[in-house]
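Visitor: Position chain L against the provided structure of chain A, taking the given hints into account.
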Amino acid sequence: MTDIALPQHHEHEHPSGITRWLFTTNHKDIGTLYLLFSVSMLFIGGSFAMVVRAELFQPGLQFVNPHFFNQMTTMHALVMIFGAVMPAFVGLANWMIPMMIGAPDMALPRLNNWSFWLLPFAFTLLLSTLFMPGGAPSGGWTMYPPLVLQTGMAFPFLIFAVHLMGISSVMGAINVITTVFNMRAPGMTYTKLPLFVWTWVITAFLLIAAMPVLAGAVTMLLTDKFFGTSFFNAAGGGDPVMFQHVFWFFGHPEVYIMILPAFGIVSQIVPTFARKPLFGYISMIYAVASIAFLSFIVWAHHMFTVGMPLAGELFFMYSTVLIAVPTGVKVFNWVATMWRGSMTFETPMLWALCFIILFSIGGFSGLMLGLAPADFQYQDTYFVVAHFHYVLVTGAVFAIIGGVYFWLPKWTGRMYNERLGKLHFWLSTLSVNLLFFPQHFLGLAGMPRRIPDYAVQYAEWNMLSSIGAFVFGASQLIFLYTVIRAMSGHGEKASGQVWEGAHGLEWTLPSPPPYHSFTEAPKVP
Amino acid sequence: MNPAAISHYYVPEPSHWPLLGSIGLFSLTGGSALLLTDHVTGGSFAMGVGFLIFVGMLCGWFGAVIKESEGGRYNDQVDVSFRWGMAWFIFSEVMFFAAFFGALFYVRHFAVPWLGGIGDKASTHEILWPSFVAAWPLLQLPDASQFTVAKHAMEAAGLPAFNTLILLSSGATVTWAHWGIKAGRRNHLIIGLCLTVALGALFLSLQAHEYWDAYTVQNLRLTSGIYGSTFFMLTGFHGAHVLIGAIMLSVVLARSARGHFTPTHHFAFEAASWYWHFVDVVWLGLFVTVYLL
Chain A
4 MTDIALPQHH
14 EHEHPSGITR
24 WLFTTNHKDI
34 GTLYLLFSVS
44 MLFIGGSFAM
54 VVRAELFQPG
64 LQFVNPHFFN
74 QMTTMHALVM
84 IFGAVMPAFV
94 GLANWMIPMM
104 IGAPDMALPR
114 LNNWSFWLLP
124 FAFTLLLSTL
134 FMPGGAPSGG
144 WTMYPPLVLQ
154 TGMAFPFLIF
164 AVHLMGISSV
174 MGAINVITTV
184 FNMRAPGMTY
194 TKLPLFVWTW
204 VITAFLLIAA
214 MPVLAGAVTM
224 LLTDKFFGTS
234 FFNAAGGGDP
244 VMFQHVFWFF
254 GHPEVYIMIL
264 PAFGIVSQIV
274 PTFARKPLFG
284 YISMIYAVAS
294 IAFLSFIVWA
304 HHMFTVGMPL
314 AGELFFMYST
324 VLIAVPTGVK
334 VFNWVATMWR
344 GSMTFETPML
354 WALCFIILFS
364 IGGFSGLMLG
374 LAPADFQYQD
384 TYFVVAHFHY
394 VLVTGAVFAI
404 IGGVYFWLPK
414 WTGRMYNERL
424 GKLHFWLSTL
434 SVNLLFFPQH
444 FLGLAGMPRR
454 IPDYAVQYAE
464 WNMLSSIGAF
474 VFGASQLIFL
484 YTVIRAMSGH
494 GEKASGQVWE
504 GAHGLEWTLP
514 SPPPYHSFTE
524 APKVP
Chain L
4 MNPAAISHYY
14 VPEPSHWPLL
24 GSIGLFSLTG
34 GSALLLTDHV
44 TGGSFAMGVG
54 FLIFVGMLCG
64 WFGAVIKESE
74 GGRYNDQVDV
84 SFRWGMAWFI
94 FSEVMFFAAF
104 FGALFYVRHF
114 AVPWLGGIGD
124 KASTHEILWP
134 SFVAAWPLLQ
144 LPDASQFTVA
154 KHAMEAAGLP
164 AFNTLILLSS
174 GATVTWAHWG
184 IKAGRRNHLI
194 IGLCLTVALG
204 ALFLSLQAHE
214 YWDAYTVQNL
224 RLTSGIYGST
234 FFMLTGFHGA
244 HVLIGAIMLS
254 VVLARSARGH
264 FTPTHHFAFE
274 AASWYWHFVD
284 VVWLGLFVTV
294 YLL
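Read top to bottom, the protein sequences are chains A and L. So the working numbering is basically just the index in the first sequence, starting at one, shifted up by 3. So the working numbering is basically just the index in the second sequence, starting at one, shifted up by 3.
Note that these hints are calculated values from the structure, not bench results. Here the structure is a predicted model, which means the values were calculated and not measured. Among the clues, some could well be false.
Computed cross-link-like contacts, BS3-like style, restricted to lysine-lysine with a CA-CA straight-line distance of at most 30 Å [what the hints assert, rightly or not]: (1) K496/A to K425/A; (2) K124/L to K228/A; (3) K70/L to K228/A; (4) K154/L to K70/L; (5) K526/A to K496/A; (6) K425/A to K526/A.
Just so you have them, the derived chain A footprint on chain L, three or more residues with Cβ under 8 Å [stated by the list, open to error]: (7) 10 to 18; (8) 112 to 120; (9) 140 to 150; (10) 184 to 196; (11) 249 to 262.
No residue lacks a Cβ here, since even glycine has one placed at the ideal position from N, Cα and C.
For reference, chain A alone in the conformation it holds in the complex (with noise of 0.2 Å):
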C-alpha cells in the first residue's frame, strides 16, 4: 500500500505552544496527553511499588512504619488503576480510533479535552493527601467501610478524586462509542472494524454502567462519615457488606475494562507479525461481549469468605467459572493465528506473544480463585496479589507496552531502536516473573497481604520477589529512553506502512500522520 495524497485546507493552524496541549481538541494531542500522564503515573505509582517491595525486603520493620506502609498499598493500587493503566488505553483509543475507522477527529472534541483534562486535577486532590496531617488513604483501595471512615483529613479528598475520575471515565466511554457509532468512514461496516475498535466499544459501555455504581457507592461512604446516614452501619439497620456488594458490582466489570482493550492490542499485533488475518474474528467478537456481560454477575467471587448465603456461593462460583469460556476462545484464537503463519519477532510481537502466555497464567489462577471452597484458603494472601498482577502487570501492562511499541513508529514516524526494544522486553519478563511467581508460592503457604510484616519462613521468596521487582521498575527507564528518543525525532525513519503484515487505514497515512486526517472520509477497501 501507499500513502494517500492528502487534502491540505485546514481549517485552522497548526497551534504551538503551552495553549495547543491546554486548549486542543485534536486527537492526536489528547492521545499524547493521556500517554504522557499515563506514564507519569506509571513512575510514581511504581514508586510506592518499591517502598512496599523494599520493606518487605526482609521480615521485620526496615524503612516505612506500617500505617506509611499501609498508605503505599493503597496509593499504589489507586493511582496504578485509575491513573496508569486506564488512561494508557484511553490515550491509545483516542490514537487509534480515528484512524482505524477514517474519522477526522473523535466525535465530540471539546468533551475529549475536558475528559483528559480533569485527570491532573483529580490525581492532585488524590496525591496532595500523602501530606495532610494523617496521610494518605490507608485502608485498601477496596475502601471497605468501616475502616476507611477511619481515615483522617484525606477521606473527603479521596472520595472527590474518585468522583472526578469517574467523570472523566464516562465522558471518554460516551466519546469512543458515539465515535464508532457515528464516525465510520463509509464502507466501514461492524464486521470491519479492527479488534482494538471492538474491544475498546464494549470497554466503553462497561464504563459507562459500573463508573457510575461506584461514584455511587463512595457517595455513601461520604454521607455516612459526614452526614449521619447509615447505609454501613448496622446499628441503624445499614450493612458494611452492602458496601462491598455495590463496590463489586462496579470493580468486576472494572477489571475487563483494564483488560479487553489489552485483549484488542494483542488482536491488532498477532496477525500482522503472523501475517496471517486474525483466526476467529466474528468470534473473538462475541467472545469479548461475553465476556464483558458475565462480568456484571461474578461480582460477590470477590466476597466469598463475607458470610453469604450458599445460594450466592453457589451462583457467583459457576458464574465466575463460565468466564474461562469466552476466555478460552480468544486464546485459541491467536494461537490459531500464529499457526503455520510467518512469523517474525520483533518488539510488540513479542510482548504480545509473552502476554497470552502470562495472562493465562493469571487467569488459570483466577480459576483457583473463583471456586468458592478453594478461595476461603486463598482470600487475603499473597496467591490473590500473585493472581491480579499476572492479569494486570504481564496482562495489562504488557499488551499496553506492546501496542506502544507496535503504533509508535506511526505516531512519530521513528523506529525505536529494536535491540533497547528487544533488552526492556527480555529484562521486564524475566524480573517480572521473578517478582510475581513466588507470590503464589507465599499465598499458598499462607502470607497475608497488605501487611508490612511476616514470618521468618516467608523471606526467601520474599527477598527474590523484591530483587525481581527492583529489576522490573529499573527497567522500565529503558522505556522511557526509546520512547523519548523516537518523540524527539532520533531514529530511523519509519514508513507509512511501517510493518510489513500491517493492514488497515491508519497504515495508508504517512508516518507521523498529518494534524487533521481523514477529514475526507477514506474509500475502505
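Guide: Relative to the frame of chain A, chain L by itself:
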C-alpha cells in the same frame, strides 16, 4: 443555511472551556473537602469560587455550542453525535441511581431481615441486638442511641401521589410542546414549555414542603437510620435531577422565545425532554419502591 448541505464534520477550534471546567470542579470539590475537614473559611471560599467558575464555564461552553448551532455549523452527522452522547449520558445517570436503588433493595431484602435473625443469620441477631425486630419502614433501630428516632414513615397517599400526578402531567406537556415545534407553531411550543417548567417548579416546592414536614413533624432525617438514609438519598438525588432538568427546559424555553430551533433542527429541545422523561421514570420507580411498597 441548510445544515444537511455541509459536508464536513464540524471539528471545533481549540477551546478554553473544558480546562476552565476542570479548574472549577477542582476548586469546588477541593473546597468542599476542606470544609468537611473543618477548614471552614478557606474551604467555603474555594467552594464558592469553584462553583462560580463552573457555572460560568457551563454558560460559556453551551453558549458557544448554541452560537455554532445557530450559525449552521452542524450537519446531520454532528446532530447524531449529540444524540448518542446524550443517550449514553442518560444511561450513566440511570446506573448512578441504580447504586442507590440497589442499596434500598439490599437493606430491605437482606440486611434488615438478617439483623432480625432470618435464615442462617440467627447468631448475628442473638449476639448483636437480640431484641431487634425487623420491619419496613424501619423506625425502631437496632441501636437507637446513635440516631434520631423518626415518629412516622412517609405516606404514599397525599403529597407524593399528587407529585406523581404532577410529574406525569409534565411529561405530557413536554410531549405536547414537541408537537408544537414539529408543526412549526412557536406559541404552542412556548406554552408547552412554560407549563412543563411550572409543573417542575411545583413538584420541587411540594417536595421541599414534604422535607420540611419530615424534618420538623415526623422527625425523619438523614440521621434516622437506614430508612431515613435511603429515603433522603433517593428522593434528594431525584430532586436535584428535577432541578437540573427544569434548568435545561428553561434554557430551551428562553431560546424558543428568541426564535431558535426549526421543525427539523431542535436537538437541544429533544435532549432536555429526554432528560425530563428520564427523571419522570426514576420518580415512578421511586414512588413504587420508596413510598408504596
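Visitor: It remains to establish, for every hint, whether it holds in the given structure.
Guide: Cross-check of the supplied hints:
no.	hint	result
1	K496/A to K425/A	holds, 19 Å
2	K124/L to K228/A	holds, 27 Å
3	K70/L to K228/A	violated, 44 Å
4	K154/L to K70/L	violated, 54 Å
5	K526/A to K496/A	holds, 27 Å
6	K425/A to K526/A	violated, 37 Å
7	10 to 18	holds (count 7)
8	112 to 120	holds (count 5)
9	140 to 150	holds (count 6)
10	184 to 196	violated (count 0)
11	249 to 262	violated (count 0)
Consistency note: the structure conflicts with the earlier hints numbered 3, 4, 6, 10, 11.
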